[in-house]
Amino acid sequence: MPKSRLRKKTNYTAPPQATALRLKNSGHGWIAPLMLALFLIGLVWIVVYYVTSASWPIHAIGNWNIVIGFAFIAGGFGVSTQWK
65 MPKSRLRKKT
75 NYTAPPQATA
85 LRLKNSGHGW
95 IAPLMLALFL
105 IGLVWIVVYY
115 VTSASWPIHA
125 IGNWNIVIGF
135 AFIAGGFGVS
145 TQWK
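65 is the number of the first residue of the sequence shown in the numbering used here; add one for each residue after it.
By construction, these hints were calculated from the structure, which means they are not laboratory data. Any given hint could be a false lead.
[To be verified] Label-pair distances were calculated between CB atoms; the ranges are:
id, residue 1, residue 2, range
1, Pro79, Leu104, 37 to 47 Å
2, Gly93, Ala138, 19 to 29 Å
3, Lys72, Gly93, 46 to 56 Å
4, Ala138, Asn75, 48 to 58 Å
5, Tyr114, Thr145, 21 to 31 Å
6, Arg71, Ile95, 29 to 39 Å
From the three backbone atoms N, C-alpha and C, an ideal C-beta is built for every residue, glycine too.
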């Protein structure tokens, strides 16, 4: 019986570790300031509403000012999910 040809296997070389450990620059330097700004705007909106006895920031909408403040805070949490 004839002997089959042997296949030459190439040795596995692992990728260099320096590229695996390098941190990617996400390019999203605006996320953290926007997140903090939304948190602070929402907090200030609610505090101003309570301190001025509902005459500021928008008197005509009444208690909906609280919803607007919490919407800014929720927006801050939404933006925080993109922060790396």
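Taking the hints in turn, this is what the structure says about them:
{"no.": "1", "hint": "Pro79 to Leu104: 37 to 47 Å", "verdict": "holds, 44 Å"}
{"no.": "2", "hint": "Gly93 to Ala138: 19 to 29 Å", "verdict": "holds, 23 Å"}
{"no.": "3", "hint": "Lys72 to Gly93: 46 to 56 Å", "verdict": "holds, 50 Å"}
{"no.": "4", "hint": "Ala138 to Asn75: 48 to 58 Å", "verdict": "holds, 55 Å"}
{"no.": "5", "hint": "Tyr114 to Thr145: 21 to 31 Å", "verdict": "holds, 29 Å"}
{"no.": "6", "hint": "Arg71 to Ile95: 29 to 39 Å", "verdict": "violated, 52 Å"}
Taken one by one, the earlier hints fail for this structure only at number 6.
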